[in-house]
Amino acid sequence: GDSVTQMEGPVTLSEEAFLTINCTYTATGYPSLFWYVQYPGEGLQLLLKATKADDKGSNKGFEATYRKETTSFHLEKGSVQVSDSAVYFCALGTNTGNQFYFGTGTSLTVIP
Amino acid sequence: NAGVTQTPKFQVLKTGQSMTLQCAQDMNHEYMSWYRQDPGMGLRLIHYSVGAGITDQGEVPNGYNVSRSTTEDFPLRLLSAAPSQTSVYFCASSYSMTQGTDTQYFGPGTRLTVL
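So the sequences go chain by chain: A and B. Quick note: to get my numbering, add 14 to the position in the first sequence (first position is 1). Quick note: to get my numbering, add 37 to the position in the second sequence (first position is 1).
Since the hints were derived computationally from the structure, they do not count as laboratory data. Please read all numbers here as calculations on a predicted model, not as lab measurements. This list has only true hints and no planted wrong ones.
On the chain B side, residues computed to face chain A include the following (Cβ under 10 Å): (1) 79; (2) 131; (3) 145.
Backbone N, C-alpha and C define an ideal beta-carbon position, used for all residues, glycine too.
Could you put together the complete structure from these sequences and hints?
Encoded structure:
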């Protein structure tokens, strides 16, 4: 079945460090891929998305490229800030079902 | 637009009690869903609806009921609360789910504790 596997956390980085959070997927149809972010005490909100292979989603300095050959959608940011501390979820939606599939989430803490 | 609203924000129940978690959206979205979030398990889908009058089960439906009488509202009912239902509950909506491309909009969550 459809599923998403993302990198275990927690991740702790110093400010201005480079961030990568790995995400791989399994899907039977043609999935769209998403990264959501959850700040403390809040609901999830969309960070970026890509709806077809080779698309790059980007927002707030974060980027992720939809790689069909490696079934991956890794999240990257060149220089993290303290305000990026949050939990990040990789997610998948397909045209063959009626539900989204979320990864388990990766907690990121950025220290000054 | 208020987006997706949920009430209450916090709730404490005793085992065996019933209650309804409210969810409403003002974006005219067809698709609505309920998730629970537990440490180390991410988000798990409880129930979803693709339109008024249509609901279906997700991954963890046992102990929960839903109905969708209007496009705007999608309440989640706990029939007889158990400690295993202690969790944070999120309601989400999107314009549709037919292509899987639409952004899901989440409410702020309800933190439920069952004693």
